[in-house]
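The whole structure should be built from the sequences, with the hints applied where relevant.
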Amino acid sequence: MLESAIRPSRSEEGESALHEPRLEQIYREHGRRLLAIAAAIVPRDEAVDVLHDALLTWWSRPRLYDPTRGSIGAWLAMVVRRKALDRRRAAQRRVVRERRSLEERVIDPEDELVARDPVEIAHLRRSMDALPAEQRQALQRAYFGGETHVEIAVALGLPLGTVKKRIALAMRRLRRDLMEGDDRASR
Amino acid sequence: MHLDERAELYALGDLDERERRDVERHAASCPACAQRLAESCETAYALSALLPDAGEPPGLPGQAPARVRGTWSALAAVAIAAAVVLAIVTGILLQRLDAQRSEIAALRAPQIALAQGHFAHVPLRAQAVAAPRGKVIYALDRSWCYVLIDAAGPYQLWVRRGGGWRDAGTVRGNPAYALVRGAVEEVAVSAPGAPQSSALLRASLPAVAPSGVR
Ligand SMILES: [Zn+2]
Numbered sequence: 023m024l025e026s027a028i029r030p031s032r033s034e035e036g037e038s039a040l041h042e043p044r045l046e047q048i049y050r051e052h053g054r055r056l057l058a059i060a061a062a063i064v065p066r067d068e069a070v071d072v073l074h075d076a077l078l079t080w081w082s083r084p085r086l087y088d089p090t091r092g093s094i095g096a097w098l099a100m101v102v103r104r105k106a107l108d109r110r111r112a113a114q115r116r117v118v119r120e121r122r123s124l125e126e127r128v129i130d131p132e133d134e135l136v137a138r139d140p141v142e143i144a145h146l147r148r149s150m151d152a153l154p155a156e157q158r159q160a161l162q163r164a165y166f167g168g169e170t171h172v173e174i175a176v177a178l179g180l181p182l183g184t185v186k187k188r189i190a191l192a193m194r195r196l197r198r199d200l201m202e203g204d205d206r207a208s209r
Numbered sequence: 339m340h341l342d343e344r345a346e347l348y349a350l351g352d353l354d355e356r357e358r359r360d361v362e363r364h365a366a367s368c369p370a371c372a373q374r375l376a377e378s379c380e381t382a383y384a385l386s387a388l389l390p391d392a393g394e395p396p397g398l399p400g401q402a403p404a405r406v407r408g409t410w411s412a413l414a415a416v417a418i419a420a421a422v423v424l425a426i427v428t429g430i431l432l433q434r435l436d437a438q439r440s441e442i443a444a445l446r447a448p449q450i451a452l453a454q455g456h457f458a459h460v461p462l463r464a465q466a467v468a469a470p471r472g473k474v475i476y477a478l479d480r481s482w483c484y485v486l487i488d489a490a491g492p493y494q495l496w497v498r499r500g501g502g503w504r505d506a507g508t509v510r511g512n513p514a515y516a517l518v519r520g521a522v523e524e525v526a527v528s529a530p531g532a533p534q535s536s537a538l539l540r541a542s543l544p545a546v547a548p549s550g551v552r
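Heads up: the protein sequence lines correspond to chains A and B, in order.
Each residue of the first sequence is one higher than the one before, counting from 23 in our numbering.
Each residue of the second sequence is one higher than the one before, counting from 339 in our numbering.
No lab work stands behind these hints: they were computed from the structure.
Accuracy of the hints is not assured; some may be wrong.
To be verified - Only some residues are given here: those of chain B computed to face chain A with a beta carbon under 8 angstroms:
#: 1; residue: Gly-351
#: 2; residue: Val-361
#: 3; residue: Ala-376
#: 4; residue: Glu-524
Stated by the list, open to error - FRET-style restraints, in silico, Cβ to Cβ:
#: 5; chain 1: A; residue 1: Asp-88; chain 2: B; residue 2: Trp-503; range: 41 to 47 angstroms
#: 6; chain 1: A; residue 1: Met-201; chain 2: B; residue 2: Cys-368; range: 17 to 23 angstroms
#: 7; chain 1: A; residue 1: Arg-138; chain 2: B; residue 2: Pro-544; range: 39 to 45 angstroms
#: 8; chain 1: A; residue 1: Ala-155; chain 2: B; residue 2: Gly-520; range: 54 to 60 angstroms
#: 9; chain 1: B; residue 1: Cys-368; chain 2: A; residue 2: Gly-183; range: 20 to 26 angstroms
#: 10; chain 1: A; residue 1: Val-141; chain 2: B; residue 2: Ser-542; range: 48 to 54 angstroms
#: 11; chain 1: B; residue 1: Ala-545; chain 2: A; residue 2: Val-141; range: 50 to 56 angstroms
#: 12; chain 1: A; residue 1: Ala-113; chain 2: B; residue 2: Glu-523; range: 50 to 56 angstroms
Using N, Cα and C, we set each Cβ at its ideal position, and we do this for glycine too.
Written as structure tokens, this is what we have:
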């Protein structure tokens, strides 16, 4: 009801910069996930700012999102990660921050996870565990530790190209796994 | 040349500006790579299931007032759309919008179009021990700014444009917020009736976006 109430009339606004304000709905559906994604990279209060930045970016320039490139949630997740990494890089330039140790950044299985569905969690965990160790390590540092591929290369003393390749291979393997999972579920 | 590892790094937000544009340009003309990009983004998003929960994001707006429907002009609808953003930013109820006075006015369509997504936010810096938290979100083209105070109003809002400070009206709501149209260089918030010189909160709005905001 809110949606229809706030959509501007086309005749008055033409194809203006205004979006169809599904903002509230998107925030409800994806906000918690997106916040967790940002909070893996920057402290939580900054993660809230990052989330708002990403939503305002879409709100004011909705055409940045192209629906043929996947779901709005996935697109916003990419924007959130980009803004969070930008912000962390900027903060690191200002002050040398005390970095959390790698041990702390490894996901504790006892942590409350953002997902609530045990099947989804188990499936993803199995896929992560099935990755070759060096691919898993690279993806873990990039995704859960919020490090850039450049930082990982420096930390592990590896060439940039090697780190990029490991991250990409890990993601592709997960993607295959997830798609197979979807096939099984829909059969 | 097709996308290589850049498809995955793009999905992780881990490309610089130039690489990112290259990726987007290529995907716009190559369906196979566009598909791969979409799948990479979906995979990255799916992985978020394993992240530690950071809690509910703040400021989910409450119920919209029922009278909005059908009785407001398209222009008011635009103002409400702006208020939804505000509500999401600070958790304000929509009906506060009509409490705005004087220079504090509803955002109008041309200004939204002008804003074109070039905005930034700066914290309001506390000038007193008991000052509440707050921030200013503003368009880099100076067509508008939101002043958001994480406490119940009323507060007195002051804005500086060019030379002098001006009384911009009362900020109400809980949390208190106001939308100010036009160029603003500096914002001050004081207790009701108190002068600008004894402001509780201040922020200057730099012309260049703080790094990391685009
Ligand atoms: Zn291609």
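Is the gap between the beta carbons of Ala-545 (chain B) and Val-141 (chain A) within 50 to 56 angstroms?
-> Because 51 angstroms falls inside the window, the suggested range holds.
Measuring from beta carbon to beta carbon, are Cys-368 (chain B) and Gly-183 (chain A) in 20 to 26 angstroms?
-> holds, 22 angstroms
That 41 to 47 angstroms hint for Asp-88 (chain A) and Trp-503 (chain B) (C-beta), does it hold up?
-> Holds, at about 45 angstroms.
Hint check, Val-361 (chain B) versus chain A [nearest Cβ-Cβ separation less than 8 angstroms] = This interface hint is violated because 11 angstroms lies over the 8 angstroms limit.
Outcome for the supplied range 17 to 23 angstroms, where the beta carbon pair is Met-201 (chain A) and Cys-368 (chain B) | holds, 20 angstroms
Given Ala-376 (chain B) as an interface hint, is the shortest Cβ-Cβ distance to chain A below 8 angstroms?
-> holds, 4 angstroms
When you take the CB atoms of Ala-155 (chain A) and Gly-520 (chain B), is the distance between them in 54 to 60 angstroms?
-> For Gly-520 (chain B) against Ala-155 (chain A), whose Cβ atoms are near 58 angstroms apart, the range 54 to 60 angstroms holds.
Can the suggested window of 48 to 54 angstroms be confirmed for the beta-carbon pair Val-141 (chain A) and Ser-542 (chain B)?
-> Because 52 angstroms falls inside the window, the suggested range holds.
Arg-138 (chain A) paired with Pro-544 (chain B), Cβ distance criterion 39 to 45 angstroms = holds, 42 angstroms
Using Cβ atoms only, decide whether Glu-524 (chain B) comes closer than 8 angstroms to chain A, and label the hint accordingly.
-> At 21 angstroms from the nearest chain A Cβ, Glu-524 (chain B) fails the 8 angstroms test, so the hint is violated.
Gly-351 (chain B) as chain A interface residue, shortest Cβ-Cβ below 8 angstroms = holds, 3 angstroms
Please test the hint of 50 to 56 angstroms on the beta carbon pair from Ala-113 (chain A) and Glu-523 (chain B).
-> violated, 26 angstroms
The earlier numbered hints that this structure contradicts are 2, 4 and 12.
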